[in-house]
Amino acid sequence: MPSPRLPLELLYAIISHLGAEKDYASLCACASTCRALVSPAQARIFGSLTLRKESRTIPWLAKLQSTPHIQTYVKHLLLAQYHKPWIQHSEVLHRTLELLSPYVISLDIRHQVENTRFDFPVLSQLRCVEEISLTERDPEGLGDIVNRDHALPTFLNYFPNLRAITFNDCWVQVERASKGDIAAPIFRLERLYIHTCYDASVLDWLVPALSSLKTLHVQYTDPNSIPIFSDTAPSPPQLESLEHVEVRDLDRASNAELRSLMAAVGTNTINLLSITFMTSGSSSEHSPVKAVVQSLLILGAHRHLQHLAIGFFEEDDPVDGSPWDELQDLLLGGRFPALQSVKFLFSLYSSGTNPVAPEHFIHAVPRLALKKMISICYA
Numbered sequence: 002m003p004s005p006r007l008p009l010e011l012l013y014a015i016i017s018h019l020g021a022e023k024d025y026a027s028l029c030a031c032a033s034t035c036r037a038l039v040s041p042a043q044a045r046i047f048g049s050l051t052l053r054k055e056s057r058t059i060p061w062l063a064k065l066q067s068t069p070h071i072q073t074y075v076k077h078l079l080l081a082q083y084h085k086p087w088i089q090h091s092e093v094l095h096r097t098l099e100l101l102s103p104y105v106i107s108l109d110i111r112h113q114v115e116n117t118r119f120d121f122p123v124l125s126q127l128r129c130v131e132e133i134s135l136t137e138r139d140p141e142g143l144g145d146i147v148n149r150d151h152a153l154p155t156f157l158n159y160f161p162n163l164r165a166i167t168f169n170d171c172w173v174q175v176e177r178a179s180k181g182d183i184a185a186p187i188f189r190l191e192r193l194y195i196h197t198c199y200d201a202s203v204l205d206w207l208v209p210a211l212s213s214l215k216t217l218h219v220q221y222t223d224p225n226s227i228p229i230f231s232d233t234a235p236s237p238p239q240l241e242s243l244e245h246v247e248v249r250d251l252d253r254a255s256n257a258e259l260r261s262l263m264a265a266v267g268t269n270t271i272n273l274l275s276i277t278f279m280t281s282g283s284s285s286e287h288s289p290v291k292a293v294v295q296s297l298l299i300l301g302a303h304r305h306l307q308h309l310a311i312g313f314f315e316e317d318d319p320v321d322g323s324p325w326d327e328l329q330d331l332l333l334g335g336r337f338p339a340l341q342s343v344k345f346l347f348s349l350y351s352s353g354t355n356p357v358a359p360e361h362f363i364h365a366v367p368r369l370a371l372k373k374m375i376s377i378c379y380a
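Per this note's numbering, residue 2 is the first one in the sequence shown, and the count goes up by one each step.
Hints are supplied without guarantee of correctness; some may be wrong.
[As the list claims (entries may be wrong)] In silico lysine-lysine, BS3-like type, Cα no more than 27 Å apart, as pairs: (1) K344 / K373; (2) K54 / K76; (3) K76 / K64; (4) K215 / K76; (5) K215 / K85; (6) K215 / K344.
[What the hints assert, rightly or not] Listed next, with one range per pair, are the computed distances between beta-carbon atoms: (7) A42 / D326: 55 to 65 Å; (8) R96 / R260: 46 to 56 Å; (9) I363 / S102: 42 to 52 Å.
No wet-lab data here; the hints were simulated from the structure.
All values derive from a computational prediction rather than experimental measurement.
All C-beta atoms, glycine included, are put in the ideal place defined by N, C-alpha and C.
Can you make the complete structure from the sequences, with help from the hints?
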């Protein structure tokens, strides 16, 4: 059985260059002499580069300078700043970045009270960046910023080719800014993933950059998180290009958050093709299915919607009662004439004690089952 550490494309390259006997000796000879394997192996090894401190960056700079061709392999750059600032004043990092053209940057930042947020002008030289993933922690109690901190929007405007942003953990809370306080975004996003973001200013600021957005993923971490789309935003979101929406931990969202998100999608989207609702099973307010029904009611009619997926975290979610009847009424009542499939998703690693019985869920939606629209999937 092939090792899972080797990518398939590299395995295929190895096999294609083996002798007819394909024995161990042939493999060794191939590995030691075949130049065709060097490039894919190096591309795999140097495709992602992680820099956590200046002392670790120095040997990488030497490596990149001594072997220039591997500079082109670095597509993903992960920068971390945990205990003391180094990114903004590191000459070694500046020289290293001059050699690279990564498409993806991941930033893992632990803020200290005395540090300025996202003060990284050295990264502005990376004009090719198309995707950014941000993890911002607040171990020193930076807490609320009441003076409309514009650091994050200013930082994001370093990258005119930006197409995707992921907010993993942005715990620093920032007030919403008034219209005209910040220069507008110079990029247009195609994908936006929001797991945790308490920077209300940057969420409002991003609205003009969403006119080309195709994919939106939102995860609700707690009922007190801020609405993604606010009534106080400088302009309503223009989501005409949006095709795919995924909402995780749907039943943890407050009614206000659900209404804000689904109303924005329902009102401003015309070509929505698929929507996924992932439930946590931890809400005492309403059942997961009830949360889905409520979201679909707010969403309203969408004539292009083709696929709906509903994920259940708990294996023993109740599969009877009025929410399931309401769900069928909504899906078959003419709101979604192009709907082709409804998929139920279950986690193999759920904390529930009872095994999943797919037939129970199929029996809960007999009208959908009769139209052969139901499928079960395990993840």
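Consistency of the hints with the structure:
no., hint, in the structure
1, K344 / K373, "holds (11 Å)"
2, K54 / K76, "holds (20 Å)"
3, K76 / K64, "holds (16 Å)"
4, K215 / K76, "holds (23 Å)"
5, K215 / K85, "violated (38 Å)"
6, K215 / K344, "holds (21 Å)"
7, A42 / D326: 55 to 65 Å, "holds (57 Å)"
8, R96 / R260: 46 to 56 Å, "holds (51 Å)"
9, I363 / S102: 42 to 52 Å, "holds (51 Å)"
Of the numbered hints listed earlier, the single one contradicted by the structure is hint 5.
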